[in-house]
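Protein chains in written order, with my numbering: chain E, 130 to 412; chain R, 44 to 413.
These are calculated hints, taken from the structure and not from any lab test. Heads up, a few of these hints could be off.
[What the hints assert, rightly or not] Pairs of lysine-lysine, DSS-like flavour, derived with a Cα cap of 27 Å:
(1) R:K334 <-> R:K162
(2) R:K162 <-> E:K340
(3) R:K334 <-> E:K316
(4) E:K204 <-> R:K85
(5) E:K316 <-> R:K85
[Claimed, not checked] With the C-beta cut set under 10 Å, the calculated list includes, among others, these residues of chain R facing chain E:
(6) P146
(7) S150
(8) E153
(9) L164
[To be verified] Each pair of labels, with its calculated beta carbon distance range:
(10) R:D211 <-> E:K289: 37 to 43 Å
(11) R:P66 <-> E:A259: 33 to 39 Å
(12) R:D211 <-> E:L174: 57 to 63 Å
(13) R:A120 <-> E:A259: 29 to 35 Å
(14) E:D392 <-> R:A217: 36 to 42 Å
(15) R:D293 <-> E:R399: 57 to 63 Å
(16) E:S343 <-> R:E403: 22 to 28 Å
(17) R:S148 <-> E:K289: 30 to 36 Å
(18) R:D211 <-> E:S343: 23 to 29 Å
(19) R:E403 <-> E:M143: 55 to 61 Å
(20) R:L381 <-> E:S343: 52 to 58 Å
(21) E:L332 <-> R:A120: 46 to 52 Å
(22) R:D293 <-> E:P350: 56 to 62 Å
(23) E:D240 <-> R:E359: 20 to 26 Å
C-beta atoms are modelled at their ideal positions from N, C-alpha and C, and glycine is treated no differently.
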Amino acid sequence: MIRGVFVLGEQGNMIYSKEYAKGDSKANMVEFLVNLTHFLKTIDLEDKTEYMNVNISRIFYSKKDPFTFMFVADKADDANQIEEKMGELVDSFMREYANLALANQSLDGFDAKVDEIAVTMVKVAILGFAGVGKTTTLHLLRGETLPLVHDPTIGVSIKKLPEEISNANIVLWDLAGQSRFSILWAKMIANAQVVIIVTDSTLENVLRSKKLVSLVKDEVPDAKVIGIANKQDLPTALTPERVGQILSIPTYELVAIDISYRDRLIQIIRRAILEGKAEAKAA
Amino acid sequence: MPKATFIVQYTEFHGLIVTQRYPTSLSLNEKILNLIFLEHQKDKKEELIYSEIEGMKIGSYSSALYPGWMVCTVLSAEEDFDHLQRDLAGSGRLILALIAMDPESFSLEEILEKGSILKDLTEEQKLAEVFLTPSSALLLERMQTEGIEKAAKLSIWLRNQVQNDDVDLREAMAPLMESGIVAVELLGKTSEMVFLVKDIFGYREPPVDSILKIKETIPSIAEKYIEFVTEFFSPASPDKGYNPTLPVDDPNSPILEDREKIARILAERIHYRILTSLREQPLSIADISLKTSFPESVVRKLLYSLEAEKIAIRFEEEDLWGLLTNPRIESFLPEYLLPVISKKLSEKEISSDVARRHLELLIQTWGVAK
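Please build the complete structure, drawing on both the sequences and the hints.
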């Protein structure tokens, strides 16, 4: 996951910066990057991308005079993939924006280009109480056959969506719903761009799930939150509109055991990701 | 010897990842990692937890100092967790400290084969920890002026200083209490009082023991060694050298900055192990590795960082490393508080009971003068 993108000028001046996720303290990081830029002036990287480990992060850097380009990424990321992304960013910047930057003009369009290149992964968390169908929803999204026996999730199960959305991998975090795992929820939804709150559409469960909406709004205020009114095939199910009213979030109907809902659900997630991006841009 | 050891890292995007395992044939699954992680999330202090999962006996170590990391050891059926606790915590502590330095700088296999561990903090390290928590260092400064203070008043003062209402006095006070610098007592029905009973002083001392020893064992380098040390402490004029006893008023003075640096190095356990191994005499990397049970690659890296801090020095021809300066933190009786106590008593700021109790605590800590 690329957590931040920085482009610095000859004097270590920040030309462009964007952060996608919280990491080390921003002020310290910027100071470090400026110092690193000054240091990089003294060496020749031969157009290569190199990296170094700093605290919890890995900083990738490349130079194309007079600019220095940096990505702050995770140590667990695939270095080759990030290096490729760096190459794309440098080429695009030098081709279309270098002259604007040198003339101190605004870099219109560069932000969208950075999103296109740097957003390699979108975290989507699936949250809800035990037995509401979170793991079944995960199987549905992945187009997998449903297991015949209910096997409660332990902690978290992390799986990728087979499709990419806007060139980014969608990583689904299926969080265990049993109450003993509730201490993990706040930690595990951190930095999720989309949180799906799954209910079984019974009044009791939907009322309880209001707590989850509050938790998500407190912990990840920037995330897009979607409600799922699952088990719509059961006679006791509240309508998705009613569930949405109670939870105060946009809510969609689902029968997670019915494969025909798959494309609709993927469209809902796609829309949420794009809306989230648009809101972040406007902010 | 435990059956296997593995290191797990939790990240917000990748979840739980096994970053190293030994032996590499060890097979693990998501459920095992999740259940160990869950246990550690229940209490976020430094701790060693025992779990039995899928027939495996697992001791796992985590520390609030290194969030997201766990060092887990699979015990064999006949091994007793209670007997291994000290060693498991010690090796967990060491591995996490090495990861913090550079996750790719060490080999798990080498650490396990050497049986390297990091022990609990020494007295000297506990004193050094005070300077690592900025609010603790602030509190110490305040107590050096006040001598005795009501905990409630101190709490308000601290909140104003750090401009944060959520600051927890107990947490900021913990390093001071654990190292015996302050005592906190409930006097009367409601008044919790804080007493300063020890003051501390951090400085670099010339490595006298090491020089004396080298004069006996390798006299050929003694002269060179003395030259290096003299150059640091009392170089030829106009350079001033190092004199930590000069009074300092400027909060940004290099001496105060250096005191923080000394505290940091003393409190960092892996640096401390290298430093203490060199206090007696200069050694080769192989000898230090033998003495500390750290792999040579780690020793080399730590020595370079100590060299940059002007603590270690290398004798290139002999391929030996010695101390250029010997960082110390020592405690002393805060005699300067006696007039402060007397003044507070005469101005009725404190009661005679409180003044008496402070004197008792000083006597208990430092003994009766002969």
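Against the earlier hints, flag every one the structure doesn't satisfy and list their numbers going up.
2, 3, 7, 8, 9, 12, 14, 16, 22 and 23
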